[in-house]
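There are 2 protein chains.
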Amino acid sequence: MKTIRNLKQMSGFSRQIKHRAKSLGLVPTMGALHAGHLGLIRKARKENDFVVVSIFVNPVQFGPKEDLKNYPRNLKHDEKLCKKAGVDAVFYPDAADMYPMGYKTYVEVEGFSDCLCGKSRPGHFKGVTTVVTKLFNILQPDTAYFGQKDAQQALIIKKMVADLNIPVKVKVMPTLREKDGLAMSSRNVHLNKQERKDALGLHQSLKLARTLFKKGVRDSNKVISVMKGLIVKKQTAKIDYVCVMDSQTLKPVKKIKNKCLVGLAVRVGKTRLIDNIILG
Amino acid sequence: MKTIRNLKQMSGFSRQIKHRAKSLGLVPTMGALHAGHLGLIRKARKENDFVVVSIFVNPVQFGPKEDLKNYPRNLKHDEKLCKKAGVDAVFYPDAADMYPMGYKTYVEVEGFSDCLCGKSRPGHFKGVTTVVTKLFNILQPDTAYFGQKDAQQALIIKKMVADLNIPVKVKVMPTLREKDGLAMSSRNVHLNKQERKDALGLHQSLKLARTLFKKGVRDSNKVISVMKGLIVKKQTAKIDYVCVMDSQTLKPVKKIKNKCLVGLAVRVGKTRLIDNIILG
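Protein chains in written order, with the numbering used here: chain A, 1 to 280; chain B, 1 to 280.
Worth flagging that the hints you see were computed from the coordinates, not collected in a lab. A few of these clues could be false.
Which copy is meant is left open, because identical chains are indistinguishable; a pair holds if it fits in one copy or across any two.
[What the hints assert, rightly or not] Here are the computed lysine-lysine pairs in the PhoX-like style, where the Cα-Cα straight-line distance is at most 25 Å: (1) K197 / K233; (2) K104 / K259; (3) K126 / K158; (4) K104 / K171; (5) K104 / K158; (6) K104 / K251; (7) K215 / K257; (8) K119 / K270; (9) K119 / K158; (10) K18 / K83; (11) K169 / K257; (12) K22 / K169; (13) K222 / K207; (14) K8 / K18; (15) K255 / K214; (16) K80 / K2; (17) K169 / K8; (18) K171 / K43; (19) K207 / K193.
Since we're looking at a predicted model, the values are computed, not measured.
Pulled out of the complex, with its shape left as it was, chain A reads as follows (with noise of 0.2 Å):
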């Protein structure tokens, strides 16, 4: 497996592969790897001939108070995830390179940034469109894998790609969970002994909220309030935002239907999390 720091040799690397015919697969990733990313680079190892991970913890998608010094960092770790799960190459390149001094471009979707993450996390989706659409220029993989834990994330860059006509197929896989049903992020390292157990809160009050929709309950703003209620009694969880939407607009619904998406997020001490399931 190769570590590829420079763009220009990341470019010709996957240019070679094309040249020869072969299938290339892509998981983007912020390093800090768990078993959610394996799961991806399980299913593009299954359906190409190479498969690339990059591993870049894009500041443009960070806003100012965020935690982008904090965001766990572990490359030696994740070379070696990589390594055995039969990654080709992991592309790691430097900040510098990829925003040279006076960056200029930026892709946006407009209207679908602007609500959920977009709102509490303003420029957050503008960022992660910007350096998806160059991961896709520099490394022209034929599929791409992303995690529905991202739900908003993996809407927004399957619209990005049909609007620009990207040459790339964007596949959403399911989100994995720890045993005790917490999504796997790798913010999750930050969790103290008591946030770790109250940040079983995001995942209980999703499974109430399709323990209502199954007994028949239609209207979101009685299930967003049962699911407020749960995550309330959590000692360090402080909601950010709880949504019942369509999964295809993200537009806020207020009677729910089949394929709505309900989704939250939810500081738990200082660390952000975010969950969703769709229902129906």
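Assemble the complex: chain A is given as a structure, and chain B must be docked to it using the hints.
Okay, now just chain B, sitting in the frame of chain A:
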């Protein structure tokens, strides 16, 4: 020569070229082809195995009060010229396919776009960069050819390609002119006899700028005021802007050095014309 309207068919055509390891040159145009375009096509023909000319009057780069409706269109004539010039395919997509209902994604080079033509045509360059990204993604050309007449456009596209790591080489070719010096433009067909005469003011004022520069004048304001003095004498001309700027950053300069760009936009009758030269 093929004329292709369907986006998937166009991608398929260019994918086949790639698979055969042949090179593809793209000349993106809005149609109403003139000798300036043909110069770009000739260059593309010389340098590539295959040449595609795209013809698309991009609605997104026109303001609500601009000449989208009146922009000259003449596909039959354009096809004839392309065929004669040895073009392999004309790509002539439908606006409803390029921007289907619910279209949301835009590419923007920030900062560059709010001066000069960007200032008098807000949103114009965002439309240009978005459609060029789409064309590059659909066609994946090795090289794309643009004219120096649209100096700001050429610079912004080069910046976008560099920033987003787009794997396309951008070549900017010198402005072609009528015998009397008027820069070739599809919009020239709108000029009546008097306006055609007055339109010469653009080139005359640029020649004057060059003469002053050769005589040692380095004060931008001096040059600009002499240029403006010449243009205001033309009966049907109304100045939009005259500017001396750094040819890389497009920032206005007070003292003229080598490689400064002198650019202007003038409304002649109802037709807005642009032109520019590089000094030194």
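Tested hints:
no. : hint        : in the structure
1   : K197 / K233 : within (12 Å within a copy, 80 Å between copies)
2   : K104 / K259 : between (38 Å within a copy, 22 Å between copies)
3   : K126 / K158 : both (14 Å within a copy, 21 Å between copies)
4   : K104 / K171 : between (29 Å within a copy, 20 Å between copies)
5   : K104 / K158 : both (23 Å within a copy, 12 Å between copies)
6   : K104 / K251 : between (30 Å within a copy, 15 Å between copies)
7   : K215 / K257 : within (13 Å within a copy, 76 Å between copies)
8   : K119 / K270 : within (19 Å within a copy, 43 Å between copies)
9   : K119 / K158 : within (19 Å within a copy, 32 Å between copies)
10  : K18 / K83   : within (22 Å within a copy, 31 Å between copies)
11  : K169 / K257 : neither (28 Å within a copy, 49 Å between copies)
12  : K22 / K169  : both (15 Å within a copy, 24 Å between copies)
13  : K222 / K207 : within (15 Å within a copy, 73 Å between copies)
14  : K8 / K18    : both (15 Å within a copy, 20 Å between copies)
15  : K255 / K214 : within (14 Å within a copy, 74 Å between copies)
16  : K80 / K2    : within (12 Å within a copy, 51 Å between copies)
17  : K169 / K8   : both (23 Å within a copy, 14 Å between copies)
18  : K171 / K43  : within (10 Å within a copy, 40 Å between copies)
19  : K207 / K193 : within (22 Å within a copy, 76 Å between copies)
The earlier numbered hint that this structure contradicts is number 11, and it is the only one.
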